[in-house]
Amino acid sequence: MRDKEQTVSAIPPKTSVVKLPDAWFIACESRALRAKRPMPFTLQGTPLVLFRSADGKPAALLDRCPHRNIPLSLGTVTKQGELQCAYHGWRFDGSGACNAVPGLISEQVNIRSRCAEAYPTAELDGFIWVYSTPGPTPAEGPYRFPNLDDARYSTVRRDFTVTSTLHAVIENTLDVPHTAFLHGGLFRTAEKKNEVEVVIRRHAAMAEAEYVGEPAPKGLAGRLLAPQGGVVTHFDRFLLPSIAQVEYRLGDKSHLVTTSVMTPLDDYLTRVWAVVTYRLPIPNWLVRPFITPVAERIFAQDAVILRAQTDVIRKFGERYTSTELDVLGHEIWRLLEQHAHKTPPAAEVKEHRVKMRT
Amino acid sequence: MRDKEQTVSAIPPKTSVVKLPDAWFIACESRALRAKRPMPFTLQGTPLVLFRSADGKPAALLDRCPHRNIPLSLGTVTKQGELQCAYHGWRFDGSGACNAVPGLISEQVNIRSRCAEAYPTAELDGFIWVYSTPGPTPAEGPYRFPNLDDARYSTVRRDFTVTSTLHAVIENTLDVPHTAFLHGGLFRTAEKKNEVEVVIRRHAAMAEAEYVGEPAPKGLAGRLLAPQGGVVTHFDRFLLPSIAQVEYRLGDKSHLVTTSVMTPLDDYLTRVWAVVTYRLPIPNWLVRPFITPVAERIFAQDAVILRAQTDVIRKFGERYTSTELDVLGHEIWRLLEQHAHKTPPAAEVKEHRVKMRT
Amino acid sequence: MRDKEQTVSAIPPKTSVVKLPDAWFIACESRALRAKRPMPFTLQGTPLVLFRSADGKPAALLDRCPHRNIPLSLGTVTKQGELQCAYHGWRFDGSGACNAVPGLISEQVNIRSRCAEAYPTAELDGFIWVYSTPGPTPAEGPYRFPNLDDARYSTVRRDFTVTSTLHAVIENTLDVPHTAFLHGGLFRTAEKKNEVEVVIRRHAAMAEAEYVGEPAPKGLAGRLLAPQGGVVTHFDRFLLPSIAQVEYRLGDKSHLVTTSVMTPLDDYLTRVWAVVTYRLPIPNWLVRPFITPVAERIFAQDAVILRAQTDVIRKFGERYTSTELDVLGHEIWRLLEQHAHKTPPAAEVKEHRVKMRT
Chain E
1 MRDKEQTVSA
11 IPPKTSVVKL
21 PDAWFIACES
31 RALRAKRPMP
41 FTLQGTPLVL
51 FRSADGKPAA
61 LLDRCPHRNI
71 PLSLGTVTKQ
81 GELQCAYHGW
91 RFDGSGACNA
101 VPGLISEQVN
111 IRSRCAEAYP
121 TAELDGFIWV
131 YSTPGPTPAE
141 GPYRFPNLDD
151 ARYSTVRRDF
161 TVTSTLHAVI
171 ENTLDVPHTA
181 FLHGGLFRTA
191 EKKNEVEVVI
201 RRHAAMAEAE
211 YVGEPAPKGL
221 AGRLLAPQGG
231 VVTHFDRFLL
241 PSIAQVEYRL
251 GDKSHLVTTS
261 VMTPLDDYLT
271 RVWAVVTYRL
281 PIPNWLVRPF
291 ITPVAERIFA
301 QDAVILRAQT
311 DVIRKFGERY
321 TSTELDVLGH
331 EIWRLLEQHA
341 HKTPPAAEVK
351 EHRVKMRT
Chain H
359 MRDKEQTVSA
369 IPPKTSVVKL
379 PDAWFIACES
389 RALRAKRPMP
399 FTLQGTPLVL
409 FRSADGKPAA
419 LLDRCPHRNI
429 PLSLGTVTKQ
439 GELQCAYHGW
449 RFDGSGACNA
459 VPGLISEQVN
469 IRSRCAEAYP
479 TAELDGFIWV
489 YSTPGPTPAE
499 GPYRFPNLDD
509 ARYSTVRRDF
519 TVTSTLHAVI
529 ENTLDVPHTA
539 FLHGGLFRTA
549 EKKNEVEVVI
559 RRHAAMAEAE
569 YVGEPAPKGL
579 AGRLLAPQGG
589 VVTHFDRFLL
599 PSIAQVEYRL
609 GDKSHLVTTS
619 VMTPLDDYLT
629 RVWAVVTYRL
639 PIPNWLVRPF
649 ITPVAERIFA
659 QDAVILRAQT
669 DVIRKFGERY
679 TSTELDVLGH
689 EIWRLLEQHA
699 HKTPPAAEVK
709 EHRVKMRT
Chain Y
717 MRDKEQTVSA
727 IPPKTSVVKL
737 PDAWFIACES
747 RALRAKRPMP
757 FTLQGTPLVL
767 FRSADGKPAA
777 LLDRCPHRNI
787 PLSLGTVTKQ
797 GELQCAYHGW
807 RFDGSGACNA
817 VPGLISEQVN
827 IRSRCAEAYP
837 TAELDGFIWV
847 YSTPGPTPAE
857 GPYRFPNLDD
867 ARYSTVRRDF
877 TVTSTLHAVI
887 ENTLDVPHTA
897 FLHGGLFRTA
907 EKKNEVEVVI
917 RRHAAMAEAE
927 YVGEPAPKGL
937 AGRLLAPQGG
947 VVTHFDRFLL
957 PSIAQVEYRL
967 GDKSHLVTTS
977 VMTPLDDYLT
987 RVWAVVTYRL
997 PIPNWLVRPF
1007 ITPVAERIFA
1017 QDAVILRAQT
1027 DVIRKFGERY
1037 TSTELDVLGH
1047 EIWRLLEQHA
1057 HKTPPAAEVK
1067 EHRVKMRT
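If you read the protein sequences in the order shown, they are chains E, H and Y.
Under this note's numbering, the first residue of the first sequence is numbered 1, with each subsequent residue one higher.
Under this note's numbering, the first residue of the second sequence is numbered 359, with each subsequent residue one higher.
Under this note's numbering, the first residue of the third sequence is numbered 717, with each subsequent residue one higher.
Simulated from the structure, these hints should not be mistaken for laboratory data.
Heads up, none of these hints are tricks.
Taking lysine-lysine and the DSSO-like style, the derived pairs with C-alpha atoms no more than 27 Å apart in a straight line are:
1) H:Lys551 to H:Lys713
2) Y:Lys735 to H:Lys673
3) H:Lys394 to H:Lys415
4) E:Lys57 to E:Lys79
5) E:Lys193 to H:Lys437
6) E:Lys193 to E:Lys355
7) E:Lys315 to E:Lys19
8) H:Lys673 to E:Lys315
9) H:Lys673 to Y:Lys1031
10) H:Lys576 to H:Lys713
11) Y:Lys909 to E:Lys79
12) Y:Lys1031 to Y:Lys735
13) Y:Lys1058 to Y:Lys735
14) H:Lys700 to H:Lys377
15) Y:Lys1031 to E:Lys315
16) E:Lys218 to E:Lys253
17) E:Lys19 to Y:Lys1031
18) E:Lys218 to E:Lys193
19) E:Lys218 to E:Lys355
20) H:Lys377 to E:Lys315
21) Y:Lys934 to Y:Lys1071
22) Y:Lys909 to Y:Lys1071
23) H:Lys551 to Y:Lys795
24) Y:Lys773 to Y:Lys752
25) Y:Lys795 to Y:Lys773
26) H:Lys377 to H:Lys673
27) H:Lys394 to H:Lys437
Looking at chain E on its own, in the form it has when it is part of the complex (with noise of 0.2 Å):
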């Protein structure tokens, strides 16, 4: 062994991470952010710092002093709603402009060029959403919730952490087949008996998944979200750049979009903001109880099987074996894909169709 020496080998990590600029990311939620105090966010492995400026609107700058590296973060915000580094107390308005190096007197003139780059943010639907490219804000805003507005829906939010990539929540929020097996006894049953139909559309932004054919519930469930009966409506979409949302209808009176909109924080670690949006015949007090626990143990279910997924991943690399079960997987990482690379898009709409037992 004194004469011969071998290097350590590590089998590269090869996986499914995209960057995706020119996008809007949801940070925290509104009231997370207070007035006089600065909050660390990052961003696809990017730190920024929070903070509201002078109008009280939300500010985000990279969040590193461009004197000393130090992180922004550890200032405190002044009375003029500037962010003052906590080194040497260097001062930056929500445009990243230095207003002041105190001690400083010959240099004024060029003091606004030590700037910190600043990204463009929008306050909406009560969370602060901040742009993944620093520069101008763009013309078009973030992505708005559906029936946040319309007064006969009632809307829970909840958000959850989660150690994966952006692409593997995604498809697992809109994957069906795992329900009955990670999920099994909680709204699926690994019993397959319908036979269903999925039409899978690709659209130029978006993808989407139409299930015909799903049997309403039976007994009392079912009396009491169709009391007239009916047929459900089921639709899986993904949303460029980090959307998923799951429709429901059944009948007239039953509707249920949950709307999840992905953070990436890194590489492999996303944050979810899912808002849930829905209208039934049944009063809330009652849906309420139901509707929080169930989809906590669903979530929680997924985040050990995706941090299983990733654990592997990030060791082993990844290989993929789909079958036509895997109705938007491919699509999903073709968009994000798209979008990460400015690919044109396809202008057309494509549709296709697989059965599956459900």
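Place chains H and Y on chain E using the hints.
Structure of chains H and Y alone, referenced to chain E:
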């Protein structure tokens, strides 16, 4: 410092690490693999899952579902002895064939091609062995322990896990000079009085050191172990792929063989499966209370040193300076490399002699 | 995602890290190195072992046995002042020569060539110093602290370990503008009223900033420290290889010098050995209760900022934007690089002046 940047340089970790193809290693004791529970096992850095398939026969598959990279060891074993993935319920038999993709209607033809890589297994002498190369079961089975079926012999089994390369553990196990220092007082003393001759023999797949002239124990111990007196015979052997054996004879009645089968879990993590078979003129109830605590204390001391050695090697690489006292170290490395690179071994037996004080 | 794979990209950490050859650094206090116990010490990432050899003289060897890579600091010191390895008992003297390989009979001739690399040491002013290049002891000894032998001066010693590059700690120690913010209220205020002139002098192996026009303290403090009044003299100095010195004079009677010898344990870990020598017109029992807690609070604040800076630098690399307030930062880096690359220094002294508000 602004204009100048310097890359952090890491010392490349070069170490005596080998990967051994076409080799049988012990995965676990037979009794540890229950009927219904899959068990993860890492062999040379490769994650495997063990389970008992249809006929109770042990099976070993790569521990990642070919569908979505989930560890199969998170799944369950069905009544039919199939391993079922926790995520979507894909089912695999002991050969790795995928017998079912739940929900799938159309593609039944190709279903058996979605297989999980399978590794040959054997159940022998109370251990489950796994072959390090996936594919067909080789003609030659695992190593057989000596004297296990001889009624005159007693057996003690122990296993330890040590943070060390396979090479370093084997060398440590067969190294005599360290015992006086690291295990000082336990079975050799630092005051070296006896001059001993060592005959080193190099075979095609084995290396052996015979110690000639070791003194018999004195006093009570000598009278107990060899009532009629007699000479000590002492062999240290390394057998490919990973077996270290220490054999002692004292007169006609005392015979003790410690066989340690090493399993390289990862580059720097090795599991030692030690089987001690012995025949002594002293009753077993008198021997057992001594043999286990002494062995465990020796192992604990070795484990500390090997872990420290591994830390140094991983951070700073390795440099060895050997003397003729390191009688088997070079032979072990030569054989390990020969096996790793599938080099044809030399046919003839070579022999040389050295003298040392013990 | 099946067909496409993407490599995880890491931002290369580029930072102001230097390795300084041919330099004396403090390893520990004299009293910390006991007669019989070897002590591990890491210098610029290299593991060393300190021990007291035959005549009680400190010795420093590379902390790995040349035989089997075991840290020698796990060993023991014999009565003869040899360092004995814990594994096989090889014994080394203070020069690194291997005096014994226990058990070896034949090869006595070459035994002294199996040496462990030795680093020059010196014991001076209560510290043990180690030279960063192994080999012969250089003609020039370590730095001598000022005023240690002057009976009019009192001395306080403190040491701290900070997660930071050598460069960043030195710059921080000699930086004036941050004190008003990071240590706000402790000894300067954020309201900057005084205009001060700074004279920066560049020498061959030293850089110095002299602050001209700093106001004397007012009120009780002023009357205690300079009863007859007088001007403030304030120098900040960087001396190669790693010494930061702050000197204050107030009138004839008050004189305080803080000398911090920095030891780069690793690229991002630096130990600060601070020696404060002072002569004040106030009795020592009145000074001591204040000087230590204030110094420790200042250091704790600096340590937090430097660790945060280091975290940013290690993850994302570094970018600096300096102003003329950063009076010594560039000079420190220039000198460190000059020493690291053994560049001949410029002979003449250069001087320039800046003004700042403090």
